[in-house]
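Colleague: If you read the sequences in order, they're chains W and P.
Quick note, my numbering runs 107 ahead of the 1-based positions in the first sequence.
Quick note, my numbering runs 107 ahead of the 1-based positions in the second sequence.
Please keep in mind that the hints were generated in silico from the structure rather than gathered at the bench.
One thing to keep in mind: the hints can contain errors.
All copies of an identical chain are treated as equivalent in the list; a pair is satisfied when it fits inside any one copy or across any two copies.
[Said to hold, decoys possible] Straight-line C-alpha distance at most 35 Å; calculated DSBU-like pairs for lysine-lysine: (1) Lys316 <-> Lys381; (2) Lys123 <-> Lys194; (3) Lys455 <-> Lys316; (4) Lys259 <-> Lys194; (5) Lys381 <-> Lys187; (6) Lys187 <-> Lys151; (7) Lys519 <-> Lys151; (8) Lys385 <-> Lys151; (9) Lys499 <-> Lys129; (10) Lys381 <-> Lys135; (11) Lys316 <-> Lys388.
2 protein chains.
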Amino acid sequence: MESNILIKGVLLHDSKQDILIKGNRIEKIGVDIECSGATLIDGKGKAAIPGFVNMHTHAAMTLMRGIGEDMTLMDWLYNKIWPTEQKLDDELVYWGTKLACLEMLKTGTTCFNDQYWNLDAAVKATSEMGMRSVQPYVILDLGDNAKWEKIKRECTEAWERSREWGVLNKFSVGIHAPYSVSEHMLEWGSDFAKERDLLLHIHISETEKENLESIEKHGLTPTAYLDEIGLLNSKVIAAHCLWIDDKDMQILADRNVKVVHNINSNLKIASGYKFRYKEFKDAGLVVTLGTDGCASSNNLDMLETMKTTALVQKGWRGDPRAMPMDELLNLATKNGGISLGLEIGELKEGSLADISLIDMDNYAFTPNIDFYANLIYSANSSCVDTVICDGKVLMQNRYVNGEEDILWNVNKLFKKLL
Amino acid sequence: MESNILIKGVLLHDSKQDILIKGNRIEKIGVDIECSGATLIDGKGKAAIPGFVNMHTHAAMTLMRGIGEDMTLMDWLYNKIWPTEQKLDDELVYWGTKLACLEMLKTGTTCFNDQYWNLDAAVKATSEMGMRSVQPYVILDLGDNAKWEKIKRECTEAWERSREWGVLNKFSVGIHAPYSVSEHMLEWGSDFAKERDLLLHIHISETEKENLESIEKHGLTPTAYLDEIGLLNSKVIAAHCLWIDDKDMQILADRNVKVVHNINSNLKIASGYKFRYKEFKDAGLVVTLGTDGCASSNNLDMLETMKTTALVQKGWRGDPRAMPMDELLNLATKNGGISLGLEIGELKEGSLADISLIDMDNYAFTPNIDFYANLIYSANSSCVDTVICDGKVLMQNRYVNGEEDILWNVNKLFKKLL
């Protein structure tokens with residue numbers, strides 16, 4: 108028998124509502140809903156918002172939090188990250204992903220679009236945590252054709268195994284980036300995804316250097332190059348897109364590519380910050396937000412990501428109206444659902460029940476003239492009190508089952524990486 | 108008899124230490140300190156850092172949190188803030204300042220440099236909360252010479268009353284800005300401060316518009332103009348300094364003016380963001396951080412301010428080394444102490460005992476490869492567990508005495524402002 112949950116008297120948009128969850132969906136929203144036998148959650152002093160959708164991360168990089176600070180990008184990558192990643196194994200990725208899930212639940216995220224190694228371990232961890240995710244097999248050959256057969260075999264096998272993943276985790280094709288993957292594998296990965304109607308998750312134009320090198324090598328920007336080889340379509344999720352000119356913008360719009368902005372990571376490793384939100388929006392593109400991995404941006408906090416996104420858009424545009432709050436909330440929720448093809452990111456009848464309850468009983472919501480302003484600009488993610496994913500309560504009173512065990516194991520294991 | 112506090116086995120810099128507080132000062136730092144009769148605080152799982160020094164705020168603007176979002180500066184100021192401020196009274200400022208103090212304690216700040224109205228009410232609130240502050244009489248005449256005598260009388264009377272404030276609150280002269288105060292009152296306020304060796308707290312070059320108008324009116328930038336009339340010296344605390352050219356920089360350095368950077372406010376109301384930290388540092392200037400008031404930046408969170416400061420410096424400079432963590436921590440602590448002439452901002456024997464204890468037992472400090480990286484880039488201010496100011500415990504286990512009462516009163520009263 109499926110379990111029902113009834114959230115009573117919670118602030119939803121502008122008024123107090125009850126929310127009835129049957130199984131994994133929102134059955135009904137209204138006042139004075141009754142449902143005998145349902146688990147009751149008291150919504151007094153709380154507001155309901157959709158679970159955040161973190162559209163670009165490398166979850167298990169939680170293990171490398173703080174490993175390379177105040178370093179230049181290339182020093183960081185060559186001397187810290189890549190040598191460290193050589194030491195990863197299933198056990199580390201399993202616990203690193205569990206820690207990532209714990210952190211995401213604590214900060215109100217219910218769904219994430221991952222791109223990392225040791226896929227089976229990551230999926231096992233995510234499944235156990237009860238979160239929703241899209242998990243890729245990652246293609247990265249660094250131009251070495253000796254790796255092609257192994258990659259093709261592993262990707263195919265991983266996709267076959269993914270049929271047993273259950274409903275919460277979706278398989279995708281991860282392609283690291285146009286500069287790190289040979290054309291043959293870009294085309295193979297793209298065809299593999301198209302034939303199976305899979306999402307394809309790729310980094311595009313994170314740095315100016317990448318663009319300059321692409322123009323030198325192909326006579327084309329990364330976006331134009333990927334379009335020329337037929338990779339871009341509406342199932343492609345493009346992380347970063349920081350250095351996008353008007354022609355690139357038109358290509359991305361024509362192909363209906365989904366775009367992920369990762370401002371904290373972009374600022375911290377100084378890749379750039381002038382993300383062209385207004386132009387993306389005007390071109391009709393679906394823009395979403397991500398945290399990137401913890402080795403570059405140090406946490407997986409989507410609420411903080413929303414705030415930095417808005418502040419930096421207002422700042423670099425010189426216009427305090429550059430990022431209205433309703434649009435900002437959509438970037439972190441609804442647009443993620445659209446991009447991943449999931450009925451999440453909006454609290455409405457029929458949607459999947461991915462919900463966070465915000466505790467307003469503290470200084471950050473006092474006075475509460477504007478709930479969304481308080482949530483985005485005044486509070487931090489410690490205001491997230493309860494998280495429901497796919498109709499199951501994963502956090503209540505800020506407690507996640509097994510959290511001590513996760514911290515204990517990561518603290519024991521991470522030293523293997525140092 | 109003075110009370111003693113002994114913090115046992117707390118992480119301080121790189122090792123576990125005991126910290127003994129006698130009266131209002133740090134008496135001793137070392138291992139295995141004994142002190143019979145001292146109140147013991149268990150430092151296990153915690154790290155000690157200096158209380159943050161918020162060098163520019165308008166405390167009671169907590170009352171206006173969220174009142175004017177996504178608005179242009181002039182619309183915000185003329186149609187929201189100024190009309191609202193007309194309705195302020197002592198009771199509102201008292202509770203608004205109490206809420207500000209509560210928020211600052213919750214986020215690890217022990218000292219703030221205020222600039223707001225209803226001075227006596229603000230000082231009463233701050234004293235009751237046990238925090239350290241610098242509180243000004245604010246001079247703002249908007250060019251109206253009919254106001255001069257009243258301002259002079261009130262300022263003098265306020266200064267006289269300030270002798271009864273007690274040790275934690277210091278009187279200063281607040282001058283709103285060179286564009287909003289007539290030359291006569293700029294000179295009068297400056298002389299008043301100099302004669303009494305008082306700090307002078309002023310806004311300088313927050314917007315480009317202010318600079319352009321100053322050049323049109325005086326033929327000089329705001330900095331050059333203030334220097335010409337003899338206002339600048341080492342007791343002057345200049346908030347913002349966003350639009351500072353090389354000549355201004357040299358003047359500020361020659362006069363040893365103290366500079367306050369307020370990045371969240373600057374971004375949110377789109378005043379600018381290219382704060383020239385490197386040049387200020389190279390010129391030998393003491394740079395500090397502030398949150399500004401809650402009507403522009405929505406919270407008083409110095410940890411968040413540190414993070415945004417570092418991210419934006421790295422971003423706009425295109426250099427991930429643009430804000431090393433040790434310097435960043437000094438901006439938020441030690442440099443505030445230097446600017447205010449107070450022995451705070453460093454945890455060393457003999458200093459005033461203004462200390463925060465950080466709870467590391469959570470995901471944000473897991474793994475704890477680099478404590479300061481985790482504090483600044485991974486955690487949020489909910490990690491602040493205990494706050495000691497002037498040798499007194501003002502928050503423990505994140506609880507501040509009377510906090511419910513403050514929220515209740517603000518929630519009751521703020522509607523008078525709408």
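Colleague: Each hint needs a verdict: does it hold in this structure or not?
Modeller: Hints and how they fare:
When the C-alpha separation of Lys316 and Lys381 is checked against a cutoff of 35 Å, the pair qualifies both within a copy, at 15 Å, and between copies, at 23 Å. In this assembly of identical chains, the alpha carbons of Lys123 and Lys194 lie at most 35 Å apart only when taken from different copies (30 Å versus 51 Å within one copy). Taking identical chains as interchangeable, the C-alpha atoms of Lys455 and Lys316 are never at most 35 Å apart, the minima being 44 Å within one chain and 46 Å between chains. For the identical chains of this complex, Lys259 and Lys194 are intra-copy neighbours only, at 23 Å inside a copy versus 70 Å across copies, given an alpha-carbon limit of 35 Å.
When the C-alpha separation of Lys381 and Lys187 is checked against a cutoff of 35 Å, the pair qualifies both within a copy, at 27 Å, and between copies, at 30 Å. In this homomeric assembly, Lys187 and Lys151 come within 35 Å of each other (Cα to Cα) only across copies, at 30 Å, whereas the closest approach inside a single copy is 47 Å. Proximity of Lys519 and Lys151 under a CA criterion of 35 Å is satisfied inter-copy only: 18 Å between copies versus 40 Å inside one chain copy. Taking the shortest Cα distances, Lys385 and Lys151 never come within 35 Å of each other, neither inside one copy (38 Å) nor across copies (49 Å).
Taking the closest pair of Cα atoms, Lys499 and Lys129 come within 35 Å of each other only inside a single copy of the chain (10 Å); across copies the shortest separation is 52 Å, beyond that limit. In this assembly of identical chains, Lys381 and Lys135 lie within 35 Å of each other by CA distance neither inside one copy nor across copies; the values are 41 Å within and 49 Å between. Proximity of Lys316 and Lys388 under a CA criterion of 35 Å is satisfied in both settings, with 25 Å inside one chain copy and 29 Å between copies.
Going through the hint list in order, the structure does not satisfy hints 3, 8, 10.
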